[in-house]
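*Asks:* Each chain, written out:
2 protein chains.
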Amino acid sequence: MTTGARAAGAREPQQERSRLTRERLLDATIDALARDGWSSATVAAVAERAGVSRGAAQHHFPTRESLITAALQQIFEDMTESASVAKAELPEGDARVSAAIDRAVELYTGKVFKAALQVWAAAASDPALRRLILPMEDKFAHAAHRMTTSMLDPDGTDPRVHRIAQVTLDLARGLGLADTLSDDSARRAQVVAAWAEMVSAALQTPH
Amino acid sequence: MTTGARAAGAREPQQERSRLTRERLLDATIDALARDGWSSATVAAVAERAGVSRGAAQHHFPTRESLITAALQQIFEDMTESASVAKAELPEGDARVSAAIDRAVELYTGKVFKAALQVWAAAASDPALRRLILPMEDKFAHAAHRMTTSMLDPDGTDPRVHRIAQVTLDLARGLGLADTLSDDSARRAQVVAAWAEMVSAALQTPH
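In the order they appear, the protein sequences are chains L and P. Each number in this note's numbering corresponds to the 1-based position in the first sequence with 18 added. Each number in this note's numbering corresponds to the 1-based position in the second sequence with 18 added.
Since the hints were derived computationally from the structure, they do not count as laboratory data. Errors might be hidden in some of the hints.
If several chains are the same, the list does not tell them apart, and a pair holds so long as it fits within one copy or across any two.
Calculated cross-link-like contacts (lysine to aspartate or glutamate; reagent style DMTMM-like; alpha-carbon spacing at most 20 Å) [claimed, not checked]: (1) Lys157 <-> Asp197; (2) Lys157 <-> Asp202; (3) Lys129 <-> Asp144; (4) Lys129 <-> Glu215; (5) Lys157 <-> Asp173.
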């Protein structure tokens, strides 16, 4: 998105410039949340991070609440979109199981999840924010579950896959949380491998 | 602890009174973090919550940093202690597997975990806090892993248990995070049952 914003010249229509400014502000908000935490995501701080004047930022987001709400929508759209990307060329057998698990884990280990975690923590004590998040989270959870089941069982014939996908996603969320304070990738690879082996074994037994 | 504090009369030695005041302040800090989030855990707000004068609170914790540090130690001591309680009368077979998984999940679904989550979120953008947390978290992780492996495999003979315990604890952490914004207990029970079944099946195959 940054590249898009940079490529936009002075002659672009006002509407397009406005859309790009908004996009830059939202990207900067997600970046601020993920890197510097909840308190860093104010309109003024985000405007500075995005290289946007405070006036322009306030035109788009008059209050912190409106900024956070829009950023949340962006966060969950990004996460839901990541969970919806076409299956493309899926490998077969155990490699397919591994690919499905890797995709689930990726949903919870990137910058967008780290930003979401800050909003979750803030929402734990903010009922209004919680009401805003829950339906978005629900939509994301369904998309993530659909992605995982369809990767694990493209034919949609194995009744055990529903629960296995749930365990996979809860495990992925736990691995994501473990990665927030230090790089947990080496340990995570072992846990993922152990889980992939168990899923492969479970799916190979007749149902 | 509240009962202990209430039972303490005016004639108790000064040292004991001081210890109880400190304990009440730390309990109130954990309660504040879990219920009202990071920003609510200041010395003044915690003193009020604990029913302790601001002067007395500042005697124990002159700065917010000293309060948070002590609360963190308390949080991880509580979590490590929960993970260390004697196995007592362990059931056999599948019931033992279920008991082990339930215990792991309990570590991540109580008030203390919700308080810890607030500190984790704050530490994501606070290197000093992160340095403080990491060794405590490491100690807790080892205790939790020891508890889970020894419940799953009391004889210590099954080499697969090491990894299965890791998956169990990462899954439990993910379930804990899913429970912070809404009551997830019904869905969680299904996920836990599915996982318990997979663990039982895995441990029943010869190794």
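*Asks:* Hint by hint, note whether the structure agrees.
*Replies:* Hints, verified against the model:
1. Lys157 <-> Asp197: between (24 Å within a copy, 17 Å between copies)
2. Lys157 <-> Asp202: between (28 Å within a copy, 16 Å between copies)
3. Lys129 <-> Asp144: between (23 Å within a copy, 17 Å between copies)
4. Lys129 <-> Glu215: So Lys129 and Glu215 fail the 20 Å test inside a copy (28 Å) and across (34 Å) alike.
5. Lys157 <-> Asp173: Answer is neither; intra-copy 23 Å and inter-copy 44 Å both fail.
Consistency note: the structure conflicts with the earlier hints numbered 4, 5.
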